[in-house]
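Undergrad: Given the coordinates of chain A, work out where chain W should sit on it, guided by the hints.
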Amino acid sequence: MGRSLKFNIFRYNPEDPASVPHMETFHLEETDAMTLFIALNRIREEQDPSLQFDFMCRAGICGSCAMLINGRPDLACHTKTKGLPEEITLLPLPVFKLIGDLSVDTGTWFRAMNEKVQSWVHTDKVFDPQAPEERMENQLAEEIYELERCVECGCCVAACGKANMRPEFMGAVAFNRIARFMMDPRDQRTGDQYFEVVGNEEGIFGCLGLLGCEDVCPKDIPLQDQLGLLRRKMGWQSVRHLFSKLLPE
Amino acid sequence: MVFKHDVVIVGAGLAGLRAALEVAGNVDVALISKVYPTRSHSGAAQGGIAAALGNEEPDSWEWHMYDTVKGGDYLTDQHVAEILATDAPRAVYELEHLGVPFNRTPDGKIAQRAFGGHTRDFGKAPVKRACYAADRTGRVMMDTLYFQAERKGIKVYPELQMLDLIFKDGQVAGLVAYELATGDVHVFHSRVVMLATGGYGKVYKTTSNAFANTGEGVYIPYRAGIPLEDMEFVQFHPTGIYGMGVLLSEAARGEGGILRNGSGERFMERYAPTIKDLAPRDMVSRAIRTEILEGRGIGGKDYVHLDLTHLGEQKLAERLSDITSFVKIYLGIDPAKELIPIQPTCHYMMGGIPCNVDGHVLGGSQEVVPGLYAAGECSCLSLHGANRLGCNSLLDLVVFGRRTGLQIGRDLAGLPWQELPRNPERPALERIRKIKERKAGEKAAHLRSRLQETMTLRCSVFRHEETLVQALSEIRSLEERYGKVVIDNRGARFNTDLLDALELEALLGLAEAITVSALNRKESRGAHSRDDYPERNDEEWLKHTLIQKTDGEVRVFYKPVHITRFQPKPRTY
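Protein chains in written order, with my numbering: chain A, 52 to 300; chain W, 27 to 599.
Accuracy of the hints is not assured; some may be wrong.
Pairs of lysine-lysine residues, derived as DSS-like cross-links and limited to a Cα-Cα distance of at most 30 Å, are as follows [unchecked claim]:
{"#": "1", "chain 1": "A", "residue 1": "Lys133", "chain 2": "W", "residue 2": "Lys30"}
{"#": "2", "chain 1": "A", "residue 1": "Lys270", "chain 2": "W", "residue 2": "Lys354"}
{"#": "3", "chain 1": "W", "residue 1": "Lys469", "chain 2": "A", "residue 2": "Lys270"}
{"#": "4", "chain 1": "W", "residue 1": "Lys181", "chain 2": "A", "residue 2": "Lys148"}
{"#": "5", "chain 1": "A", "residue 1": "Lys131", "chain 2": "W", "residue 2": "Lys469"}
{"#": "6", "chain 1": "W", "residue 1": "Lys30", "chain 2": "W", "residue 2": "Lys462"}
{"#": "7", "chain 1": "W", "residue 1": "Lys194", "chain 2": "W", "residue 2": "Lys469"}
{"#": "8", "chain 1": "A", "residue 1": "Lys270", "chain 2": "W", "residue 2": "Lys548"}
{"#": "9", "chain 1": "W", "residue 1": "Lys231", "chain 2": "W", "residue 2": "Lys548"}
{"#": "10", "chain 1": "W", "residue 1": "Lys548", "chain 2": "W", "residue 2": "Lys569"}
{"#": "11", "chain 1": "W", "residue 1": "Lys231", "chain 2": "A", "residue 2": "Lys131"}
{"#": "12", "chain 1": "A", "residue 1": "Lys57", "chain 2": "W", "residue 2": "Lys327"}
{"#": "13", "chain 1": "A", "residue 1": "Lys148", "chain 2": "W", "residue 2": "Lys462"}
{"#": "14", "chain 1": "W", "residue 1": "Lys178", "chain 2": "A", "residue 2": "Lys270"}
{"#": "15", "chain 1": "A", "residue 1": "Lys167", "chain 2": "W", "residue 2": "Lys231"}
{"#": "16", "chain 1": "W", "residue 1": "Lys341", "chain 2": "A", "residue 2": "Lys131"}
{"#": "17", "chain 1": "W", "residue 1": "Lys327", "chain 2": "W", "residue 2": "Lys302"}
{"#": "18", "chain 1": "W", "residue 1": "Lys327", "chain 2": "A", "residue 2": "Lys131"}
{"#": "19", "chain 1": "W", "residue 1": "Lys363", "chain 2": "A", "residue 2": "Lys131"}
{"#": "20", "chain 1": "W", "residue 1": "Lys462", "chain 2": "A", "residue 2": "Lys133"}
{"#": "21", "chain 1": "A", "residue 1": "Lys284", "chain 2": "A", "residue 2": "Lys133"}
{"#": "22", "chain 1": "W", "residue 1": "Lys363", "chain 2": "W", "residue 2": "Lys341"}
{"#": "23", "chain 1": "A", "residue 1": "Lys133", "chain 2": "W", "residue 2": "Lys327"}
{"#": "24", "chain 1": "A", "residue 1": "Lys270", "chain 2": "W", "residue 2": "Lys154"}
{"#": "25", "chain 1": "W", "residue 1": "Lys181", "chain 2": "A", "residue 2": "Lys176"}
{"#": "26", "chain 1": "W", "residue 1": "Lys569", "chain 2": "W", "residue 2": "Lys150"}
{"#": "27", "chain 1": "W", "residue 1": "Lys469", "chain 2": "W", "residue 2": "Lys30"}
{"#": "28", "chain 1": "A", "residue 1": "Lys176", "chain 2": "W", "residue 2": "Lys178"}
{"#": "29", "chain 1": "A", "residue 1": "Lys284", "chain 2": "A", "residue 2": "Lys296"}
{"#": "30", "chain 1": "W", "residue 1": "Lys569", "chain 2": "A", "residue 2": "Lys133"}
{"#": "31", "chain 1": "A", "residue 1": "Lys167", "chain 2": "W", "residue 2": "Lys181"}
{"#": "32", "chain 1": "A", "residue 1": "Lys167", "chain 2": "W", "residue 2": "Lys178"}
Bear in mind the hints are in silico, worked out from the structure with no lab data behind them. No experiment lies behind these values; they were computed from the predicted model shown.
Same shape as in the complex, but just chain A:
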């Protein structure tokens, strides 16, 4: 017989004036190889069909199912109940707009972020269908790939002290994106152009260096390194800005 698990789950429908935020308890017997995703589906199917949470691929690639699991942001689909105590508390990710219960709107946040950092290769080269690929060192390609592995789950944003206080703070995910494009020789943006985007308090200079982001990234992206790199580069950039103001050409 498996353990008897007790789930404390946050319930609230922000659209319903009669709804009050509260915790609701569900009990479930643990089965072999149970993930939180399986557990939540069983609760919804067997106990309460109105329970809201997000899910899609159940294989850790779509990034839909992040939530606070006993206080820590993580993906429900790759969290096994076996590694958790018998009492499991589930809350929606903070910072993002609550849709209901455990479901939050990460999509709007990420689209706005991607638009702000202009998350695409900027180049004036026109694609020539006759020409072969531009050459690139494999090591560089792998380094870019390493940062490209973000699945936009929102865990790093939820774990960020600054983002929790200041919703306009861009968060590690945005810095990771910028670092990815700065590294990519195909992107022709200059230091100044990157500085425009992240060289401010909403951006890299607002980071408190708490590094909650790196601790919780379910994909183990080296966010700390990107923060360090961006700070150094943008720090230089801001010194250059200062000089150019003091010493006009």
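TA: Relative to chain A, chain W alone:
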């Protein structure tokens, strides 16, 4: 509400995005998606995208075309395979230009690896043709294209589910969609609807597919009287994680992984002596099922092992990091040291909405349905024939997604706005009202489990007239029971109980189409393997199945295969 756009694309995975990028700027285009776009299932594609770049060793588009045709067991329409193979290098270079971080060769070109069924010199030996970004090629391609869509400011309506297509005088006039967040039913008035809704693996119990892959995008045109093509051809991927169905990329074997049975034997040597573990998926899945049925599974059970232990930790970390990580998480197994239990899992639908090479949907008499287009897994070109090769799907999405977008641009001038019929949303509202008001009956989740079990047991890797007849009678009884489906949640917001019930109608209809098509095809070809007709029979069956439903009556008819360069030969590897 009524929304108005020239072009509405349903589905924001790779095919939909690629088409949208082609159309945007010239006309008003909008994407609607059941999920937030970057959660689309194209992102789950792991292994790579095929193109005869010849970066690692000599390769040619003709070999690629031949492999595609032979992989499809000669049911592939060859003029379509030719377009795919010749356009592939351009498609990959374009993705590289947009920023996809492909792995590289020592001299900085796009790296390539071996993949099932891709060979050099017309079948002589495996060839390295799959371009890849570790084991996450689909996700990085999709993110890259989605960011391009953001750059172009393409309007996206996330979490909207299509309920009906609207036609006026035989031309598309738009569609009806359900908004998950509010429960509202909206009308999209448009001159063009493009379907790019993906597959429907949820018809089966064990599948690599995500939860949204329930096939409304294929079922809704079928319900409206448009035929479906080659529905009996369902691909089972050989290496799903045992018990879960989660995909372990074929790249694992492309990088040197080996399948072993209960006695540790590399059994693929007996089934495909030349290319062994890199045989096409249908053959490997049959081999695994045969080993299991003949008692050579692991410990006599219903799985075999994937052995990656000899690849070494570094290769696993560099080339197969995601799958290594989920094997560790889900199974508690370290692939560098232990063998991975696997079993075939429903992965891809070769069949779908019949289309020509420019994405036009074709009706019952092969006529173009004005204003309706499709691309990607929901469509049937027929490019993949009776069995798709790995890495040809991502390629299909960007090649034919783009072609469809281009064609829409060319056709628009001749597609005037059609006046909407009165209350086009009424039938959908009626269906929802009936489900919500019903007091007694069965839950959709229960009926769905029965359907999935039936299909997995009776209509999967191996088939037989007896099991297919049983499956059909069970599906029809489930369809009857579906008439009394009930839900407990009658709320408006994110009512998954209601969505389950609405989706089940599609799953049932498609399961029926698969089973009827399978019952009628009295031969074995590609992924369709009949115990009672074990041989391929070109004389009678070298033709595409079409199935059409009009006034509740199912009609099966056929159309010829397009053969250009390669005459059918026995298919051995």
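Undergrad: Does each hint hold? Answer for all of them.
TA: Going through the hints against the structure:
no.	hint	in the structure
1	Lys133(A) with Lys30(W)	violated, 50 Å
2	Lys270(A) with Lys354(W)	holds, 13 Å
3	Lys469(W) with Lys270(A)	violated, 37 Å
4	Lys181(W) with Lys148(A)	holds, 21 Å
5	Lys131(A) with Lys469(W)	holds, 28 Å
6	Lys30(W) with Lys462(W)	holds, 29 Å
7	Lys194(W) with Lys469(W)	violated, 35 Å
8	Lys270(A) with Lys548(W)	violated, 48 Å
9	Lys231(W) with Lys548(W)	holds, 25 Å
10	Lys548(W) with Lys569(W)	holds, 12 Å
11	Lys231(W) with Lys131(A)	holds, 21 Å
12	Lys57(A) with Lys327(W)	violated, 34 Å
13	Lys148(A) with Lys462(W)	holds, 29 Å
14	Lys178(W) with Lys270(A)	holds, 29 Å
15	Lys167(A) with Lys231(W)	violated, 42 Å
16	Lys341(W) with Lys131(A)	holds, 27 Å
17	Lys327(W) with Lys302(W)	holds, 23 Å
18	Lys327(W) with Lys131(A)	holds, 25 Å
19	Lys363(W) with Lys131(A)	holds, 22 Å
20	Lys462(W) with Lys133(A)	violated, 38 Å
21	Lys284(A) with Lys133(A)	violated, 43 Å
22	Lys363(W) with Lys341(W)	holds, 13 Å
23	Lys133(A) with Lys327(W)	holds, 25 Å
24	Lys270(A) with Lys154(W)	holds, 28 Å
25	Lys181(W) with Lys176(A)	holds, 26 Å
26	Lys569(W) with Lys150(W)	holds, 28 Å
27	Lys469(W) with Lys30(W)	violated, 36 Å
28	Lys176(A) with Lys178(W)	holds, 17 Å
29	Lys284(A) with Lys296(A)	holds, 19 Å
30	Lys569(W) with Lys133(A)	violated, 52 Å
31	Lys167(A) with Lys181(W)	holds, 17 Å
32	Lys167(A) with Lys178(W)	holds, 14 Å
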